[in-house]
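Chemist: Sequence:
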Amino acid sequence: MVLKVELEKELENKFREAAMKKYGYQKGSLQKATKEALGNWVMQQSTKVPKVKDPFKLVRGMLSDLKGKTTSVELQHEAVKLWAKKHS
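Residue numbers (the working numbering): 1 to 88.
There is no bait here: all hints are sound.
Each computed DSSO-like pair below joins lysine-lysine, with the alpha-carbon atoms no more than 27 Å apart: (1) Lys9 to Lys35; (2) Lys53 to Lys67; (3) Lys57 to Lys81; (4) Lys86 to Lys69; (5) Lys14 to Lys35; (6) Lys86 to Lys53; (7) Lys27 to Lys14; (8) Lys57 to Lys86; (9) Lys9 to Lys21; (10) Lys67 to Lys85; (11) Lys14 to Lys32; (12) Lys69 to Lys57; (13) Lys67 to Lys86; (14) Lys9 to Lys27; (15) Lys32 to Lys21; (16) Lys85 to Lys48; (17) Lys22 to Lys32; (18) Lys22 to Lys9; (19) Lys67 to Lys81; (20) Lys22 to Lys35; (21) Lys81 to Lys51; (22) Lys51 to Lys85; (23) Lys35 to Lys4; (24) Lys21 to Lys4; (25) Lys69 to Lys81; (26) Lys35 to Lys51; (27) Lys4 to Lys27; (28) Lys35 to Lys48.
Calculated directly from the structure, the hints in this document are not laboratory data. For clarity, every value in this text was computed on a predicted model and none was experimentally measured.
Full structure from sequences and hints, please.
Modeler: Have a look at this one:
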């Protein structure tokens, strides 16, 4: 998989420098450092977000007052806001 990311120049330079120091000045250093950084971030986030068996049960009923008044996309956005509010 390919993931393109735009970073501020200062952050990019610091990341490149740290990656090269840790993994050496060779091909693949940035890829290894990126995998490590993303893996660490995902692990950190997974401890903050509770596991849910059925996420639809979390929002079922919470959006019933909006039924017929909004589009499906607006309902999705509202559901995300409610979920984030409940779990932040």
